Structure formats: structure tokens, C-alpha cells
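J.: From just these sequences and the hints, can you work out the full model?
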Amino acid sequence: MNGTDRERYAIRVKNGRELRCGYTTGSCATAAAAAAAQMLLSGKRVYTVSIELPSGQCASFDIENAEIHEDWASCSVTKDAGDDPDVTNGLAIYAMVRYGANKEITLTAGVGIGVVTGAGLPCAPGEPAINPVPRKMILHNVRTVCEQQSYRGGLLVEISAPGGEEIAKQTFNPRLGIIGGISILGTTGIVEPMSEQALVKTIQICVRKAKSKDSARILLSPGNYGRDYCLRQLGVDLENGIKFSNFLGETLDYVVYEGFTEALLVGHIGKLVKVAGGIMNTHSSVADCRMEILAVHAALAGADRSTVAAIMDCKTTDAAIQILEETGLHEEVYASLLAKIQYHIAYRTKGRCRVELIIFSTEDKLIVRTEGALALAECFKEREGEQHE
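Residue numbers (our numbering): 7 to 395.
FYI, nobody ran anything at the bench for these hints, they're computed from the structure.
Worth double-checking, as some hints may not be accurate.
[As the list claims (entries may be wrong)] Distance condition first, Cα-Cα at most 27 angstroms in a straight line; then the derived DSSO-like pairs of lysine-lysine:
1) 321 with 356
2) 207 with 217
3) 109 with 175
4) 249 with 109
[To be verified] Across the chosen pairs, the derived CB separations fall in these ranges:
5) 185 with 312: 54 to 62 angstroms
6) 146 with 239: 46 to 54 angstroms
7) 325 with 238: 18 to 26 angstroms
8) 229 with 51: 42 to 50 angstroms
9) 56 with 370: 54 to 62 angstroms
Note that the structure is a prediction, hence the values are computed from the model and not measured.
Yeah, the Cβ is synthetic: ideal placement off N, Cα and C, and Gly gets one too.
T.: Shown next, in the form of C-alpha cells:
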């Protein structure tokens with residue numbers, strides 16, 4: 007990334023080292039499409055290509071696997087995500103460009119690119135998962151090549167990503183109803199390393215998709231522990247809900263924004279105990295006050311100094327729970343924690359969404375739940391039954 011890019015995008019530092027930015031699948035697809043178009047129209051091999059990003063800046067890419075034929079050309083660009091832990095890093099994004107019958111530039115998707123099957127996404131059902139900004143970027147840059155080559159006819163542009171179907175299984179695509187491959191994404195063309203924004207945007211898409219099934223109620227959980235608990239103990243599939251990772255605050259904000267009035271939040275105490283301290287991003291790198299919170303609530307319940315010290319020395323919430331149960335303080339502590347969690351959630355939602363809670367520990371052991379949690383869980387179970395009929 008050049009100096010101009012470094013001025014535009016905030017420098018991210020981890021462990022004392024500046025993290026390297028990369029380029030989105032949208033930028034890679036655009037570069038491959040522009041290069042393939044240039045090779046088809048000029049008949050000459052292209053080794054590097056420069057494209058215009060949505061910001062108006064330019065970026066250069068190396069072109070690989072080039073083929074030039076009489077009526078089509080193709081090439082690839084290898085996805086470089088910089089220092090972002092992106093599962094598509096290193097994937098070859100291909101473009102094949104053919105002459106078209108009319109004067110339009112038509113964009114299609116080939117192998118490894120997903121197809122949208124459900125509502126609530128930026129692309130309509132049945133369309134390839136090439137989001138609006140990358141779609142616009144591809145068409146704009148291919149038109150620019152046509153102008154440079156004084157070509158006024160039509161072109162057919164096919165984007166593909168061999169291996170994309172397997173990689174997509176590691177992404178949110180299956181849960182979003184995108185089948186058969188990866189999505190071509192990006193709003194700036196730049197991948198900012200360790201970006202939380204991309205995950206939050208994905209969560210927002212999931213919330214919008216959930217609204218298409220039920221505009222009033224939504225099921226929330228941090229991740230797979232919650233999914234397993236919901237399946238085994240409630241008979242509810244969290245694949246129809248939202249896994250928000252560590253971003254509870256942003257998820258609640260968007261749930262309220264979309265107008266949901268009821269939410270069931272199911273999670274392991276190791277995550278949700280932090281909410282009792284007002285922590286709405288539960289990643290351990292942001293805040294890890296699990297034992298401090300448990301110790302304070304134990305002290306409020308009458309724990310002596312040695313018990314509080316023992317809790318503070320625990321490495322896991324399971325170990326702390328064992329101490330609470332051995333001292334007989336657990337029920338009072340759980341009730342105190344629940345009240346505080348409800349307080350902070352109500353403050354975040356401004357009371358506009360009723361949030362019921364189920365908190366569990368290892369081996370699906372119920373810790374505490376709100377009064378209306380099971381009734382709301384039953385609503386989700388009934389809804390799933392209706393969808394399967």
C-alpha cells in the first residue's frame with residue numbers, strides 16, 4: 007500500500023508492529039476483469055493492471071494465468087488480505103471476458119462464486135453474490151478499458167473463484183443463504199487488518215435476514231456454545247438466529263434499529279458475566295473482568311475474605327461457580343448478576359426491546375434465566391415447526 011493509502015486509512019498496530027492492509031475480493035475481481043478486457047481488446051499480454059477504487063484512488067495488481075484467444079481472454083489475481091485473518095487470502099480470483107451481442111457490459115458469476123437464495127441481502131434471490139459496490143467497480147473499470155481501446159461494443163464478464171465453494175463453508179455465507187461459493191465483497195476496496203467493522207456489518211446483514219422471517223422476535227447468542235445449548239435444551243436451532251461473537255452492544259443497537267420488540271439472549275456465563283459490568287464487547291483483549299465481577303457479587307451476598315480471594319484466583323468461571331455452590335451463595339449471586347445484566351442491557355436498548363436471558367455453564371448446566379425466557383424460546387420452537395411444515 008502506497009503513502010497516499012496510508013494517509014487515508016488509519017494505521018493499525020498490534021504487538022508494536024504496523025499491520026499491513028490488503029485488498030478485497032471486489033478489488034481483485036475488478037483487476038482481473040479489467041486486465042482480461044484489455045487483453046481481449048488489444049490482443050496483448052497484460053502483466054500488471056491499475057484500477058480505480060471507490061475512493062477515487064488507484065491500485066495496481068499483478069496479473070497471473072493469462073490466456074488470450076480470438077473471442078475471449080481470461081486471467082487471475084491472487085487475493086492478498088494483508089495482515090487481516092481473511093479465509094479468502096491467497097485465493098485466485100478469475101475473470102473471463104468475451105465479446106457480447108449488444109453494447110452492454112454484462113456481469114455473471116462462475117464456479118466458486120455463491121448464489122443468493124434468500125431475502126434481506128444486498129443482492130436479490132437468484133443473483134450471484136457480487137455485492138453492489140464491487141459490481142459497480144467492475145463495470146466502471148471495464149468501461150474505462152473499453153474507452154481506452156476505442157471499443158463501443160458489448161462484453162460478457164464472468165467472475166469465478168476455483169476452490170471458493172469449500173472456503174465459503176468457513177464464512178457466514180451458509181447461514182446467510184448464499185450457496186455454492188464465496189461472495190465478492192468490499193465497500194472501499196481496501197481490507198483493513200483486524201477489522202471489526204466487517205464482522206459487525208455481517209451481523210447486521212444477519213439481523214436483517216432474520217427480520218424477513220419474524221419482524222418482532224429474534225434469537226441471539228455469542229456463538230457455538232449457545233447454538234449447542236439451544237439445540238439440546240430448548241429444541242431451537244440458532245442457525246435461524248444471530249451469532250454475534252463478542253459484539254453484543256452493536257448487535258443490540260441494530261436489533262433496536264430494525265424494530266424488534268423481543269429478543270432471547272442465550273449464552274455461556276464466561277461471556278455474559280462481563281455484561282454485568284457494563285461490558286458490551288466481550289473479547290478478552292477488550293476487557294476480562296469475569297472474576298472481579300463474580301467476586302464483587304459474592305461479597306455482596308456475604309462471602310468472606312477467603313472466598314472472595316479464592317474466586318479472584320480462579321482461571322475459569324466454572325471454577326468460580328464451584329466455589330459459589332460449595333459456599334451456598336450461588337443462588338443469591340446468580341440473581342444479583344442477572345439483575346445487573348438486565349440493567350445494562352435495558353440501558354443499551356433504552357427499553358425499546360424486551361430481552362429475556364438464559365445463562366448456562368459447561369455441560370449445559372443452567373445458571374439462571376429470566377422469567378419469560380422459556381415462553382419466548384417456545385415461540386421460536388413453534389416458528390421453526392411452522393417453517394418445516
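J.: Hint numbers the structure violates, sorted upward?
T.: Those not satisfied are hints 1, 3, 4.
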